[in-house]
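Residue numbers (the working numbering), protein chains in the order written: chain X, 11 to 502; chain W, 14 to 512.
None of these hints come from the bench; they were simulated from the model.
Among the hints, erroneous ones may be present.
Pairs of lysine to aspartate or glutamate, EDC-like flavour, derived with a Cα cap of 16 Å [stated by the list, open to error]: (1) X/Lys-462 <-> X/Glu-372; (2) X/Lys-364 <-> X/Asp-374; (3) W/Lys-124 <-> W/Glu-45; (4) W/Lys-124 <-> X/Asp-452; (5) X/Lys-364 <-> X/Asp-452; (6) X/Lys-382 <-> W/Glu-122.
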Amino acid sequence: MNKILMLIVVLFPIFSGVLIPMLPFRGRRAMCIFIEGCALAESALVFFLLQNPPAETLTVFRFTGNLSITFRVDGMGALFAGMASFLWPLALLYSFEYMKHEHSEKSFFLFYLITYGITLGIALAENILTMYFFFEMLSMATLPLIMHTRTREAFLASRSYLYYMLGGAAFAFIGMIFILTYGTTSSFVPGGVLDTVKIGDKGNLLLLVYVLCFCGFSVKTAVFPFSSWLPKAGVAPTPVTALLHAVAVVNTGAFAAMRVTYYSFGTDLLRGTWAQNVVMALVVITIVYGCSRALKETHLKRRLAWSTVSNLSYILFGVVIMTPLGLVGGMSHMLFHSFMKICSFFCAGAVIYKTGRNYVYELDGLGRKMPKVFVTFTVSSLALMGVPGLCGFVSKWNLCRAAVDSENPLAYAGVAALMVSALLTAIYMLTMMIRAFFPGRDFDYGKLSEAKDPNWLMLLPLAVFVAVMFCFGLRSGPVIRFLQEITGVVRF
Amino acid sequence: MNPWILLSVALPSVAGILLLAVSFGEYIRGSEKAFTRGVQVYTAAALALSASVSLYTAWQGEKECSLFEWLDGILVYFRIDALGRLMVTAVSIAWLLIGFYSLAYMGHEGKETRYFGFYLLLYGILTGLSFSGNLVTMYFFYELMTLVSMPLVLHSGSREAVMAALKYLFYSMCGAYCGLFGMVFLYRYCHTLDFTAGGALNLAAVQGHEGILLTAVFVMILGFGAKAGMLPLHSWLPAAHPVAPSPASALLSGTIVKFGALAVIRTVYYVVGPGFLRGTWVQYVWMVLALLTVFMGSLLAYREPVLKKRLAYSTVSQVSYILFGISLLVPDAVEGALLHMVVHAFVKCGLFLTAGVFIYRFGYTRVDRLGGLGRKMPVTLWCYTVFALALTGIPPTGGFVSKWYLAEGALQSGIPVFSWLGPVVLLVSALLTAGYLFPVTIKGFFPGEEKDPGNGAKEEPSPLMLIPLMVLAALALLLGIMPNPLIRYISQITLEVFS
């Protein structure tokens, strides 16, 4: 029974999404209730599944030989699936309010739900083919969401998105072929599947393939120099930018990078090689590059998008340290960053929704008019900066600790990059908050009379995120131990 | 688990947060109410109560209290030791005096509810910082200290104040991140991050990694030095002090910058251990930076016409006396540094509060406007003179004793060049100090002919402002006349860390 459940959780949101345009809803309210109901049911199913993980795998479809679409629940997948199913219903709640002032809601919610199913497909993928399959599907399913506003800018953004994703997938494909050729199996096995006998003297070739494959998957994670699609994709409605382009889609890139590094190529082969140095250098550059671009950017959502670029590379930095601790750090940042960044995007979205202001310099004085939103925004900024007591500090600490423990000089540079990035984050986030709360002594609040806090649909998710950030920040022990259990099974 | 420690941190914090909630409510409604008598009494009572709880807790003896596992293997941990007790005592005295002064002073700045909210909260945080038992807990309070003291700087809300506050914030953050950078390395190479007198370096693990560890410690010293105004991250001080309300400048200069020095002491003497740094490049670069800061700060103060900015540069210079003392890594110098920490805390508070009186009464900010005040406010000006004497280091004030120990420590250290260069720089800087502080006294009492002596009416400030000044002046004298109890107490600390 449990086995079948894995297929159900992947297909259920896809089907319920497809139903949205077909069902004759009486009014918008009914549609919203239906969608939220589906999402909640789905999340309940996922959490039930994670509580009772099936021992065996489920092969849905077999192409030939060991090429099959197969599902399985393992620790890392469980983390990713749990994260997605916690965030999706909350993001939907927010979208119901936000999408009021956008058109063609039905197609929006259709793809929003489909993406949910596909993301779970990636989380539960048992082998590299399944993951690749859903990875491609995810690129396709999110394309209409970027195009949603139908403006010229949106078309250009979606075109650039498409090119980057297809290119990335092509490189990932090369990696997949090599793993299938030189591996003992296509499944994800902790510690890697490569067969040393088959590799023979082709070690360097495989390292090159690893770099290509890592970059291919990391295009979704917007690693330098493949990062420009992410800020452009900010033209999409905020729920898309917040959930997909700060959390779900981009994290699948990091998730895939974790899978290929730790479960396919194996860190034994990679650690200490030039391949590790190359990818780590890319990641460290991205950490600083993203932040610097964020500092320069005056468009609110694009600034947050650049900040995402930098923070995603924190996760990848953990991954490329290639030690269990590094993986713990990477995964903890994946988890915590999701909450911090979705929270700040939702705050930005609330400002855009309520006032129509899109630029940083237009935020003056809004702190008084939208106190709840801006207090939340401040908390998420502090978390992103890594102020102790909030969750960002915990993951940063774990990442730095792992880097220092690895005794790799490049990783030391990475620690320095993390600190520089934290300082830049402080600058680009807090200048916005200061603007909002302290616009200057003779600021005329009359101009802002129409601005006020949004309703509970938008505030409830924000409140939940703030609570989560504090909980994880003050009491990270259980989460980190869970992550250590996951990584404990990885052979090193 | 000791409830007193928690109480001494929580009580002022909660009292402050309550005030802040009230003030935030008013801010949202857009109707800042006047500071009522009820709130005034509440503030005074909360302040007095928290100070007595903190002092009682501090002088109970060695107590410790661990809360919960915060990070993997690291607890939120408090422990009261001799150094923490010293800090809490100094801070509590300063806080009480500045607090009562503020009750009178802040009337002309407005938004008192918000000010006192942050004021009380900050007191709780500094208590927590002093009582912290490990580096990570200390870091937690250290960052909070920056965040909570920032609103005090931008109190007036003017554009200039906001920019200065941001500068303060980013310099401090930069410093804190440098500190964090080093902390991660210390976590790897020390047995524990709990403060252990004399350090807890894991020598076996360090083997072969001395270079990176020294770099990490150096980055930490630079970072925490930012708060203490050490080169190259000093320039937030002269920006932040003139725009902040005077009592806020007093507590920045008097107390908060000392916590930068405290963090350095904790790192060097309680985690790494002085033995590891002695004779390394870190020590030399550190000494050079500290001495440069001492000299440069005095020089800049000497040619600065705005009184509060002059005092800010003076802080830059004087706090680096402390850092220089610490950098020598010998008992006498550390003793001098700690003494100077206490003396400078009181004296600099006093100086800023006096500057505040001038602003409050006459709106004078520049030194050249301050002629002829001796007739109008003799008591204030006499207090100022005592502070000036103490800061210059003229007996019988506290400054003389601390500088004596610093110079003696430098001479005894036997470090080539620095053992004589240090005292020389200190001496030159003392001359400059006299040069930038005494003009106010001299012009005040002997304005010359061109100044209008006024009609001879006294214009002393209200007792609420005057009494803190007199108490601080008395303390500055007392520390010079009877320094022995304090010296004995401090020598316990040095004995501990150098054993």
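Is the straight-line distance between the alpha-carbon of X/Lys-364 and that of X/Asp-452 16 Å or less?
-> Outside the cut-off at roughly 24 Å; violated.
Keeping to a limit of 16 Å between CA atoms, is the pair of W/Lys-124 and X/Asp-452 held or broken?
-> holds (15 Å)
Agreement of W/Lys-124 and W/Glu-45 with the hint, judged by alpha carbon distance not exceeding 16 Å = holds (7 Å)
Straight-line alpha-carbon gap X/Lys-382 to W/Glu-122, limit 16 Å = violated (27 Å)
Taken at face value, is the distance from the CA of X/Asp-374 to the CA of X/Lys-364 at most 16 Å?
-> Holds. X/Lys-364 to X/Asp-374 sits at ~14 Å (cutoff 16 Å).
Take the C-alpha atoms of X/Lys-462 and X/Glu-372, compute the straight-line distance between them, and say whether it is at most 16 Å.
-> Cα-Cα ~15 Å, so holds.
Hints 5 and 6 from the earlier list are contradicted by this structure; the remaining hints agree with it.
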